[in-house]
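Enquirer: Sequence order for the protein chains is A, B and C. Per my numbering, the first sequence starts with residue 24, numbered consecutively. Per my numbering, the second sequence starts with residue 3, numbered consecutively. Per my numbering, the third sequence starts with residue 104, numbered consecutively.
In case anyone wonders, no lab produced these hints; they're calculated from the structure. A few of these clues could be false.
[As the list claims (entries may be wrong)] Straight-line Cα separation of at most 30 Å, DSSO-like style, residue types lysine-lysine; simulated pairs:
(1) B/Lys162 <-> A/Lys292
(2) A/Lys291 <-> B/Lys162
(3) C/Lys140 <-> A/Lys182
(4) A/Lys182 <-> B/Lys257
(5) B/Lys136 <-> C/Lys107
(6) A/Lys291 <-> B/Lys161
(7) B/Lys162 <-> B/Lys49
(8) B/Lys204 <-> B/Lys162
(9) C/Lys374 <-> C/Lys262
(10) C/Lys374 <-> A/Lys291
[Stated by the list, open to error] Each pair of labels, with its calculated beta carbon distance range:
(11) B/Ser214 <-> C/Ala256: 51 to 57 Å
(12) A/Gly63 <-> C/Lys374: 50 to 56 Å
(13) A/Ser110 <-> B/Glu144: 43 to 49 Å
Glycine included, each C-beta is placed from N, C-alpha and C at the ideal position.
Below, each chain spelled out in residue letters.
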Amino acid sequence: MLFTLAAAISILAVALICVFLFANGLPAMFQIGIPEFLLGTTWKPGSDMYGIFPMIVGSIYVTAGAILVGVPAGILTAIYLSRFAGSRVASVLRPGIELLAGIPSVVYGFFGLMVLVPFIRATMPGRGLSLLAASMLLGIMILPTVITVAKNALDAVPKSYYEGALALGATRERAVFRILVPAAFSGIMAAVVLGVGRAIGETMAVVMVAGNQPVMPNSIFEGVRTMTANIVMEMGYAADLHRGALIATGVVLFVFIMLISLLFSAIKKRGEER
Amino acid sequence: MMQEIKQDARIAPSLPVISETKMGVEELDLFYGEFQALKDVTLDFPKNEVTALIGPSGCGKSTLLKALNRMNDLVDGCRVDGLVSLDGDDIYRDVPVNDLRRRVGMVFQQPNPFPMSIYDNIAFGPRTHGIKGKAELDVIVEQSLRDAAIWDEVKDRLKKSALGLSGGQQQRLCIARALAVQPEVLLLDESTSALDPISTAKIEDLVVEFASKYTVIMVTHNMLQALRVSTKTAFFLLGEMVEAGDTDELFTHPKDSRTADYVSGRFG
Amino acid sequence: MTLKILRALVYVGAILTALVLAGIVGYILINGIPHLKPSLFEWTYTSENVSLMPALVDTILMALLALVLAVPTGVGAAIYLVEYARSTSRFVRVVRMTAETLQGIPSIIYGLFGLLFFTTMLGWGLSLMSGACTLAIMVLPVVMRTTEEALLAVPESYKQGGFALGAGRVRTIFRCVLPSALPGIVGGVLLALGRCVGEVAALLFTAGTVAQIPDFGGQGIFALFDSCRTLAVHMYVLASEGLHMDEAYATAVVLLILVVILNTGANFAAKRLKRGM
Chain A
24 MLFTLAAAIS ILAVALICVF LFANGLPAMF QIGIPEFLLG TTWKPGSDMY GIFPMIVGSI
84 YVTAGAILVG VPAGILTAIY LSRFAGSRVA SVLRPGIELL AGIPSVVYGF FGLMVLVPFI
144 RATMPGRGLS LLAASMLLGI MILPTVITVA KNALDAVPKS YYEGALALGA TRERAVFRIL
204 VPAAFSGIMA AVVLGVGRAI GETMAVVMVA GNQPVMPNSI FEGVRTMTAN IVMEMGYAAD
264 LHRGALIATG VVLFVFIMLI SLLFSAIKKR GEER
Chain B
3 MMQEIKQDAR IAPSLPVISE TKMGVEELDL FYGEFQALKD VTLDFPKNEV TALIGPSGCG
63 KSTLLKALNR MNDLVDGCRV DGLVSLDGDD IYRDVPVNDL RRRVGMVFQQ PNPFPMSIYD
123 NIAFGPRTHG IKGKAELDVI VEQSLRDAAI WDEVKDRLKK SALGLSGGQQ QRLCIARALA
183 VQPEVLLLDE STSALDPIST AKIEDLVVEF ASKYTVIMVT HNMLQALRVS TKTAFFLLGE
243 MVEAGDTDEL FTHPKDSRTA DYVSGRFG
Chain C
104 MTLKILRALV YVGAILTALV LAGIVGYILI NGIPHLKPSL FEWTYTSENV SLMPALVDTI
164 LMALLALVLA VPTGVGAAIY LVEYARSTSR FVRVVRMTAE TLQGIPSIIY GLFGLLFFTT
224 MLGWGLSLMS GACTLAIMVL PVVMRTTEEA LLAVPESYKQ GGFALGAGRV RTIFRCVLPS
284 ALPGIVGGVL LALGRCVGEV AALLFTAGTV AQIPDFGGQG IFALFDSCRT LAVHMYVLAS
344 EGLHMDEAYA TAVVLLILVV ILNTGANFAA KRLKRGM
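With these hints in hand, go ahead and build the complete structure from the sequences.
Expert: Right, dumping it as structure tokens:
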């Protein structure tokens, strides 16, 4: 009985989160007007203009950048750990990646602020606090997620596939890229989707390096503001409709996350069916 | 001298007095870490004949088979001493490993088709070795499937996933896949033990036919199977080769008492 | 040819990952360790000593409180899912679905929720209690999932052994099943602890940023409703003020050390679980 109650807590939590988020966010959204809110390009709380389109675009750009940086490196590292690494290298790299996963996002943000941003400022146009900095940092942050999930998918491919390919005279590379990787494809896609989820929801690290101007960026060297940054930057002092608009930003973010997790379970289900 | 014997053989082909050796092992020791899995094994595999390796579980017969195409390389801590030869060349020194595995094909205990179409399964090997032309691949795929006696069953579904086939069909597909790279030697590692009797019989028939074209070396638990399909048999016990010779001879007049015990069913 | 390039890329990818790892950790350590001065560990925070001690104590209090709430709930829920529920029932499907949902929600959303519910609606204000409750919900799915995995790994024969001796269900679970799943559960708890220690976004608007240890001596239990800042929040504040970068580096080192300790502990527990099987 007590156990049932404990299990019900997670349902209660999701229900409460939805209710509170939507009850506080939707009215503001309606008051602003849904098209004005979602597609408006001006965010000026001082003059009651609440268009979050730049932030939606910002989140998408930053996430796409993170995927561009983190996914290739992550998948290649997973392949390396799964099939190429000697046991000694693996025994160093694997805990290292776990450490990478455990480092708090403020520490990443701080590293980005002190190293990445000055580097970009010195070598490229702009002030350093930029879409580029945020993408690179997030790319690094999603590495452990992508590596771990992709490696699990590769390791789950039956050994007999790999051996069968070798027995036909295939090189290790051919066996890996023509047999192993295609067989693990849906698992690798799941890794990418999880990485997307992590990147779009990340807050502190992005706030510290992205510049946070609430305008549409014209190049990767300009600052961007993500939805998460929008909330965390202004929530401390917002009131009334401004506050409602920030919560509504959270609602939009929540919907994005739900879509991603639907995509994830669809991919997982397809993987299990095969 | 050799010349003379060969001529003799040609004059009287019905008398297999001597046959050419395709593969051979000499004084082979094989270790998994500290454990010695094979002890001083010396054995010849005659060309275009079926040789069976028999013995109780853990006797080293599968290990020997895997030493013949270097699949043991995948095992951490595996060490090989002694000579394994293919056409007189040391396969651990003189033959590139991927070349070796093309020439010495292998069919595993469990059918292991790749998760792709039937056609792509068969074409994987030839593509690996540089054959890219569609027409050429089509010919190889059809011929291999015919040789493995599965063409009629799959010819209408070549583009379908190989995982949809039954276990027996999958195993014949794997045989076809091995044939597609035109091997000289075919290793069968208990390749019927996971199958039903009808599928087993089909594969045994194939193996007998193969002897005209390939050198076949098979590991089997089933002594009747060895008797039915092989011309030469070697009996293994605890990593040692106890006895090898003409199959009928070994089963009817074993020289070693341990062989006698095994073939008459006193070991498990 | 393409395969050779791919192979080279695999090595490049792995080397990049290793470099990034070494770069971040090395950079923090090199810049932080020289600034680990005794004054950083003084009991009260002033703008002169910029002590991280109150934040460290707050972190421990916050994490413990969150775990006290989340661990019994998460373990209980996992026991229900593994030992009691029929996996086909609609309730179980909903529980699993919501647990997965919780796991995907970004921490800023938890922060918003905590602000709306605990801080505002329940009137707890920016406090240790609001923050801990928010964190508890955030780590609940972590505890649930790892416990479930650990329970599923317990051989069926242990349970049957318990039942065969005439032990009741609850007794069997607590005496036979839970002890052998314990290393896995501990691993999950340490993971959850790691997330509490590193969290900022969920705490900024629920626990606030006051650099003090709640005054349990003076206020007793009501000190739970004092605002406090954890180490990670402390670090964020330092970095965004931009006045005390040396201390921020030092704080980062302390955070890193905490994370390493928790990771090692979790790994150790996982190994124990594997060996125990």
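Enquirer: Compare the structure with the hints numbered earlier in the document and write down the numbers of the violated ones, lowest to highest.
Expert: 3, 4 and 7
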